[in-house]
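Trainee: If you read the sequences in order, they're chains A and B.
With full-length UniProt numbering, letter number 70 in the first sequence gets 70, and the count goes up by one each step, no holes.
With full-length UniProt numbering, letter number 303 in the second sequence gets 303, and the count goes up by one each step, no holes.
Any given hint might turn out to be false.
If several chains are the same, the list does not tell them apart, and a pair holds so long as it fits within one copy or across any two.
Cross-link-like lysine to any residue pairs, in silico, SDA-like; alpha carbons within 20 Å at most [claimed, not checked]: (1) Lys-272 / Gly-52; (2) Lys-39 / Leu-218; (3) Lys-157 / Asn-294; (4) Lys-152 / Arg-33; (5) Lys-243 / Gly-95; (6) Lys-243 / Asn-180; (7) Lys-293 / Ser-123; (8) Lys-243 / Tyr-127; (9) Lys-60 / Asp-286; (10) Lys-272 / Asn-154; (11) Lys-157 / Val-121; (12) Lys-259 / Asp-99; (13) Lys-269 / Ala-10.
Think of the hints as simulated: they come from the structure by calculation, not from any bench.
Number of protein chains: 2
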Amino acid sequence: MHFADGKTTACLNVFPSQMATCSDLNTTAFVNRMIQAEKPDFIVFTGDNIFGFDATDSAKSLDAGFSAAINTLSQLNPAEAHVIDGFGNYNLEIGGVEDTRFENKSVLNLYFLDNGDYSTVPSIPGYGWIKPSQQFWFQRTSQRLQREYSSKPNPQKGTAPGLVYFHVPLPEFANFDSSNFTGVKQEGISSASVNSGFFTTMVEAGDVKAVFTGHDHLNDFCGELTDIQLCYAGGFGYHAYGKAGWSRRARVVVASLEKTESGLWGAVKSIKTWKRLDDENLTAIDRQVLWSKNSVGHPFAASWMCDWNLKLLFLEH
Amino acid sequence: MHFADGKTTACLNVFPSQMATCSDLNTTAFVNRMIQAEKPDFIVFTGDNIFGFDATDSAKSLDAGFSAAINTLSQLNPAEAHVIDGFGNYNLEIGGVEDTRFENKSVLNLYFLDNGDYSTVPSIPGYGWIKPSQQFWFQRTSQRLQREYSSKPNPQKGTAPGLVYFHVPLPEFANFDSSNFTGVKQEGISSASVNSGFFTTMVEAGDVKAVFTGHDHLNDFCGELTDIQLCYAGGFGYHAYGKAGWSRRARVVVASLEKTESGLWGAVKSIKTWKRLDDENLTAIDRQVLWSKNSVGHPFAASWMCDWNLKLLFLEH
């Protein structure tokens, strides 16, 4: 969001005619409109939430930026990892519906990792990356979740899908062009200058279906590589660089449950996504299926609206 | 070495005139000649030691291949790592000279890692790689060694140099051409099809000065990237693909100690390398300084022969 001091903080890259009335409060208004429109179950802020350089009081700026999303499930770091790089590495497990075989299973797993800001290694320039300690924790957590999913009572086949959120795109985001992604790429991929292997680690883990990052405000695409969707949302905040005439936007992710033979809710059957633009109608664009339990890439069907859905709103600066 | 059944196992890629008398015993003879010529303190076999498909009895083939190097310091896996991928992940610490300030310090650290053979992840083709569990162990071990080196009694400045050995070259080996390496590149870099981040992990660790791999028999170069030398040795074994007329070869690595102001042996001051060809004179080629404590890249000086040296012989298939 690049939030700073609120109404006294100017917007970047809007039309000159908009400048006089544009401030951080436009960012706040957009958060509130998104919540009204989508009624999300959960909102993920993927970093650069405030713009520290222009924030008179960082804590106040954070509070103001997050104010619309009152409660938090964020954690400092996993209790079981004694040595881990960064802060805010944690996972959330979304339990199945009560009174079904899934009530003690996590049917959707969310992972959050901290890639830091800049490299702290003098010989490596550029942005930070996800370190071995974090990857080791991620791998063990993924293994545990998969074990629990397939364990008694009510052992399940396959794995529950996982979604991974962090800030800086991986070098693998550069593997796409307009022929194989949905959305736009209007600037380079500002990944770390080195590859720290986290994409490989996620592929090996086997449960991750999609990765969501921010950082590059003018890219908003999703592209699939080795069965993992790599997604941007596009810039959300008004005190962040953007492009006049190219609306600020947010990504929505919806996980839908299947009906089992007994007529009860079961496992996650699909994960869909779209973006909404901060225009008059909050126009939804680029609807796509990120993952489907039975077949990847089937057409986006309207029937999902009748399903049990978990909706995640994803706001990046 | 690609050792199989000894004298009944034929050579590959030698001149037709040599075929009748060439076998695994030529590999054995080359090991013995190298030991006679260099009198190494330690020999590293970096994998593909036997060629299982042609070995009637794998254990016997291993024994025969290693026979010239009677004792072993290899370990199954580190005791402190409860969960680690592969086998033969361990480190060796080379203590400073007795009755000096370095006698309880490791002045040279050797790391050995198992990158497996092939990928076990269905969606990733090709060779194996070094996993997060191994990188996490490596990173913690490097940190511990650096802490001990700079701790009382006799705290030392800087870090003791580290050398890392494994089998399959990293993707970063592809960053060189003849303008920036010493040796030859006669085939592609057969790294894993994914980047698992171990190069980044080594750069971040800060103590690693050189990496030695095998796998590509027709490449024998060393190239420097971000202050780490990435080295092949070139093929050693005769029952392995090679190139007739391009001698089988082995790499020698020598670590030399400095004299301190008190006239006693101190820290490692330089790490040098060369290769020897399996020709009549065991011709030494491509002498170079891999690392020097005070300045990187100074000319190869003859004075090192008067120094305290630890000599490592490095045999790859």
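Trainee: With reference to the structure, classify each hint as holding or not holding.
Mentor: So, going through the hints one by one against the coordinates:
no. : hint              : verdict
1   : Lys-272 / Gly-52  : neither (34 Å within a copy, 48 Å between copies)
2   : Lys-39 / Leu-218  : neither (26 Å within a copy, 61 Å between copies)
3   : Lys-157 / Asn-294 : within (12 Å within a copy, 59 Å between copies)
4   : Lys-152 / Arg-33  : neither (43 Å within a copy, 61 Å between copies)
5   : Lys-243 / Gly-95  : neither (40 Å within a copy, 60 Å between copies)
6   : Lys-243 / Asn-180 : neither (24 Å within a copy, 42 Å between copies)
7   : Lys-293 / Ser-123 : between (44 Å within a copy, 17 Å between copies)
8   : Lys-243 / Tyr-127 : neither (23 Å within a copy, 43 Å between copies)
9   : Lys-60 / Asp-286  : neither (35 Å within a copy, 62 Å between copies)
10  : Lys-272 / Asn-154 : neither (27 Å within a copy, 61 Å between copies)
11  : Lys-157 / Val-121 : between (43 Å within a copy, 18 Å between copies)
12  : Lys-259 / Asp-99  : within (14 Å within a copy, 75 Å between copies)
13  : Lys-269 / Ala-10  : neither (43 Å within a copy, 57 Å between copies)
Hint violations for this structure: numbers 1, 2, 4, 5, 6, 8, 9, 10 and 13, all remaining hints satisfied.
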